[in-house]
Amino acid sequence: MTEASPRVRRRALARIWAIAALPLLAILIALIVGAVIILGSELIAGGPFNPILPLTAYLALIQGAFGTFDAVVDTLVATSPLVFGGLAVAVAFRAGLFNIGAQGQFLMGALGAVAAGVAVSGQPSIIAIPIAVAAGVAAGALAGFIPGFLKATSGAHEVVTTIMLNYIAIQILALLVSGPLKVPNSPSPVTFEVGNASYPVLFGPNGHLGIVIAVVAVVVLSWVLYRTTLGFEIRAVGTNPDAAANAGMRPRGITVLSMTIAGALAGLAGTDVVLGSAHHMTSSFGTTVGFDSIAVALLARSEPIGILPAALLFGAMRAGADLMQIKAQIPRELVDVIQATILLVLVATPVLRRLINLRGTKAAIAPPPTITRSYGSGEAQP
Amino acid sequence: MDVIANALYGIPILGLLFQFGGYLIAIIPPIAPIILRSATPLALGALCGVMCERSGVVNIGIEGTMLAAAFTGWAVGVGLAPVLGGTPSAIFGATPVLLIALGAALLVSLAIAAVHAWLSITVRADQIISGTIINIAAFGVTGYLNAIIAKGSPTSAGAFTAWTPPSALTDLPIVGWILAMFLAQGPITMSVLVLVVVLQVLLFRSRWGLRTRAVGEHPKAAETVGIDVIRIRYRNVILAGLLAGLAGAFLSMESTNSFQAEMTAGRGYIALAAMIVGRWTPVGALLAALLFSSFEAIGQVLSFRPPGGELGDLLTAVPGQVYSALPYLVTIIVLAGVVGRSIPPAADGRPYERESAT
Numbered sequence: 001m002t003e004a005s006p007r008v009r010r011r012a013l014a015r016i017w018a019i020a021a022l023p024l025l026a027i028l029i030a031l032i033v034g035a036v037i038i039l040g041s042e043l044i045a046g047g048p049f050n051p052i053l054p055l056t057a058y059l060a061l062i063q064g065a066f067g068t069f070d071a072v073v074d075t076l077v078a079t080s081p082l083v084f085g086g087l088a089v090a091v092a093f094r095a096g097l098f099n100i101g102a103q104g105q106f107l108m109g110a111l112g113a114v115a116a117g118v119a120v121s122g123q124p125s126i127i128a129i130p131i132a133v134a135a136g137v138a139a140g141a142l143a144g145f146i147p148g149f150l151k152a153t154s155g156a157h158e159v160v161t162t163i164m165l166n167y168i169a170i171q172i173l174a175l176l177v178s179g180p181l182k183v184p185n186s187p188s189p190v191t192f193e194v195g196n197a198s199y200p201v202l203f204g205p206n207g208h209l210g211i212v213i214a215v216v217a218v219v220v221l222s223w224v225l226y227r228t229t230l231g232f233e234i235r236a237v238g239t240n241p242d243a244a245a246n247a248g249m250r251p252r253g254i255t256v257l258s259m260t261i262a263g264a265l266a267g268l269a270g271t272d273v274v275l276g277s278a279h280h281m282t283s284s285f286g287t288t289v290g291f292d293s294i295a296v297a298l299l300a301r302s303e304p305i306g307i308l309p310a311a312l313l314f315g316a317m318r319a320g321a322d323l324m325q326i327k328a329q330i331p332r333e334l335v336d337v338i339q340a341t342i343l344l345v346l347v348a349t350p351v352l353r354r355l356i357n358l359r360g361t362k363a364a365i366a367p368p369p370t371i372t373r374s375y376g377s378g379e380a381q382p
Numbered sequence: 001m002d003v004i005a006n007a008l009y010g011i012p013i014l015g016l017l018f019q020f021g022g023y024l025i026a027i028i029p030p031i032a033p034i035i036l037r038s039a040t041p042l043a044l045g046a047l048c049g050v051m052c053e054r055s056g057v058v059n060i061g062i063e064g065t066m067l068a069a070a071f072t073g074w075a076v077g078v079g080l081a082p083v084l085g086g087t088p089s090a091i092f093g094a095t096p097v098l099l100i101a102l103g104a105a106l107l108v109s110l111a112i113a114a115v116h117a118w119l120s121i122t123v124r125a126d127q128i129i130s131g132t133i134i135n136i137a138a139f140g141v142t143g144y145l146n147a148i149i150a151k152g153s154p155t156s157a158g159a160f161t162a163w164t165p166p167s168a169l170t171d172l173p174i175v176g177w178i179l180a181m182f183l184a185q186g187p188i189t190m191s192v193l194v195l196v197v198v199l200q201v202l203l204f205r206s207r208w209g210l211r212t213r214a215v216g217e218h219p220k221a222a223e224t225v226g227i228d229v230i231r232i233r234y235r236n237v238i239l240a241g242l243l244a245g246l247a248g249a250f251l252s253m254e255s256t257n258s259f260q261a262e263m264t265a266g267r268g269y270i271a272l273a274a275m276i277v278g279r280w281t282p283v284g285a286l287l288a289a290l291l292f293s294s295f296e297a298i299g300q301v302l303s304f305r306p307p308g309g310e311l312g313d314l315l316t317a318v319p320g321q322v323y324s325a326l327p328y329l330v331t332i333i334v335l336a337g338v339v340g341r342s343i344p345p346a347a348d349g350r351p352y353e354r355e356s357a358t
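Going down the list, the sequences are from chains A and B.
Take the first sequence: its position 349, counted from the start at 1, is 349 in the working numbering, and no numbers get skipped.
Take the second sequence: its position 54, counted from the start at 1, is 54 in the working numbering, and no numbers get skipped.
With the rest of the complex left out, here is chain A:
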């Protein structure tokens, strides 16, 4: 092997800089905004004013996320569903669709995994796990297929239909967990444990198989999007459905297929939480994975490879938030504020570029131009 020449190395560095500079700047600005909000809320809450409280909070956040080996494992466990969820939103983005329904697909996937997992909990793991995973993926895929199908046939915009499905999923979950799936004679609505269908723990106290599957999923998605005909068609339809139709592709079919794939991936996120860490389900089962996934996909510009660092960032914040709440008495909801600020800064990138001269950087959020254009959709899809 020959040593890479300095020029090649410089060019590689420039490429990384072009992609990473704006997200990093956005994170920095969000941390500053978060600090200002912490100081401001000290004033609202009254009591003694502590000017270094933001620093204490952030240090506790970092310590909670990466302080010990177990903390790092916890962070990875929190990251893995975000990887699947981020991919679910990203694939849809690539096809020109905005999948706000990751939350509902996530819940349906979790429900499918817990229902099948409980049923096969006595079987050997080698049989039980694939069945539970398949059920979770299928339930998520169905939840993704519905809005895709409605969009392709009637033009009902996926932003509204997927959000309605999010609320319907909550009710389906409550219905099943307090009904057919409930442990008989239990005082509270709760399901049985998934037993042998649980992901095996590979490292640390709870570093489970799902973390590995998440990395594999990123590689597979990356390959599908850039190395297969299907991936090419998804990207073509996302960029310009008319041109894709003229080239003999079927935008409607791709719309349905991409939403189904997205639903399956979000279903994997739900499966990951149920089989990897929760092991059973209560009727109030719910996490922030769905909305965090949108942030992950936007931060990663819908690039499968970028999903990994973006998911790690939000996974670390979610995992570290508890220690921050204990040590600095800062509500864990601060993570939501930081997340929202990152997105706001990213979406206002053109202005940021004008203010600070960042040469050679790429646009931070580059959604396909078709997302808003298809809204309401009086014009039927080609």
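Keep in mind that the hints are not guaranteed to be accurate.
Said to hold, decoys possible - Which chain A residues stay away from chain B? Per the calculated CB distances, all over 12 Å, these:
hint: 1; residue: Ala14
hint: 2; residue: Tyr58
hint: 3; residue: Pro147
hint: 4; residue: Lys151
hint: 5; residue: Phe192
hint: 6; residue: Leu209
hint: 7; residue: Val219
hint: 8; residue: Met249
hint: 9; residue: Gly253
hint: 10; residue: Ala278
hint: 11; residue: Leu308
hint: 12; residue: Arg332
hint: 13; residue: Thr341
hint: 14; residue: Ile342
As the list claims (entries may be wrong) - A few chain B residues that face chain A, going by a derived Cβ cut-off under 10 Å, partial list only:
hint: 15; residue: Glu63
hint: 16; residue: Ala125
hint: 17; residue: Ile133
hint: 18; residue: Pro319
Derived by calculation from the structure, the hints in this document are not laboratory data.
We put the CB at the ideal spot given by N, CA and C, even for glycine.
Knowing the structure of chain A, use the given hints to seat chain B on it.
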């Protein structure tokens, strides 16, 4: 007449439908005020959507604007109640604190609408992404501040109360319940009707309305006849924010007197569906909102006052979660069935770029 009824009762499904119709006729008059009340945030949100989208700007951020306004109204009330106090006046139970809180809620909604206007008109960001980020931001900031304020278990400043119309009016036969539906209401619910009529007239009969529609349909043509596209869009989006703010204030200051995280529960999105079903007109939006809210209200009534007979047995056998999911389900079905025939303004969602003068 009885013969026909009995004959109809004999056919199983038709009989059940017939019974259901009779049940609806019996329960709708007493719950009509509730239907209008739960339609209020939907209708106000839909009006906000109509104003934005008629001028060509998609606003998904209605949900977040509502949430932020609901929080602000409640929080300002909580903050000022111990300082200003005051007894509720005879008119809608208004106190100075409530009025200031309402003002604050509206100001916040103006500010959020201004951010959305700036992002989607000047920055030309994707409008649906901009709106979604506003929703995520509103969720995060209100959740965070609510966690801080709720620590002190504060007392709320109360809420606007409904007017009690004289019983001479509401006891009138046939029209009595319709009058009660519109009059036994709080100030924000009552204002909806006025706003719908005013906006409908303005949108289709005034210079502002003509310009707004021109900008939403064909901005380039509008610009060539001297209409300032950017200014019209800014003005519409920002003023429309007030309507979403009013919807939020209704949630925390009229229908309840408290705030919970995520209390909008998707109403901002159902409002968008109402706007689409109502074909981007104020009156249509109100009717669609009433349709959605009557499903919500009937679902609730069914769970605590089911009809008798076999119909009752059938309906009570259905779990409550089905009724809770009903408004969302109806939204999807109506949207999928209607949207193909409901055509949005032609330039909806497309940023306008002025051609540079050479």
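Grab the minimum beta-carbon distance between A/Met249 and chain B and tell me whether it stays above 12 Å.
-> Fine: 22 Å to the nearest Cβ keeps A/Met249 off the interface.
A/Leu209 clear of chain B by more than 12 Å, beta carbon to beta carbon?
-> 31 Å, holds
Can the hint on B/Ala125 be confirmed by a CB-to-CB distance to chain A that is less than 10 Å?
-> This hint holds: B/Ala125 lies near chain A, its Cβ roughly 5 Å from the closest one there, short of 10 Å.
Status of the stated non-contact between A/Gly253 and chain B (beta carbon gap over 12 Å) = Non-interface label on A/Gly253 holds, nearest chain B Cβ at 18 Å vs cutoff 12 Å.
12 Å Cβ clearance of A/Ala278 from chain B = Answer for A/Ala278: holds, closest chain B Cβ roughly 21 Å.
Exclusion check [A/Lys151 not at the chain B interface, CB over 12 Å] = Non-interface label on A/Lys151 violated, nearest chain B Cβ at 9 Å vs cutoff 12 Å.
Any Cβ of chain B at or closer than 12 Å to A/Ile342, or is the non-interface label fine?
-> 10 Å, violated
Agreement of hint B/Pro319 with chain A interface, Cβ distance less than 10 Å | 5 Å, holds
Would you assess whether A/Tyr58, listed as outside the interface, keeps its beta-carbon beyond 12 Å of every beta-carbon in chain B?
-> At about 15 Å from chain B, A/Tyr58 clears the 12 Å cut-off, so the statement holds.
Interface hint outcome for B/Ile133 [beta carbon to chain A under 10 Å] = Holds - the Cβ of B/Ile133 comes within 10 Å of chain A, reaching about 4 Å at its closest.
Beyond 12 Å from chain B, beta-carbon-wise, is A/Val219?
-> The claim stands: A/Val219 keeps its Cβ more than 12 Å from every Cβ of chain B (closest is about 27 Å).
Reported absence of A/Arg332 from the contact zone with chain B (all CB gaps over 12 Å) | 8 Å, violated
Hint compliance for this structure: hints 3, 4, 12, 13 and 14 are broken, all remaining hints hold.
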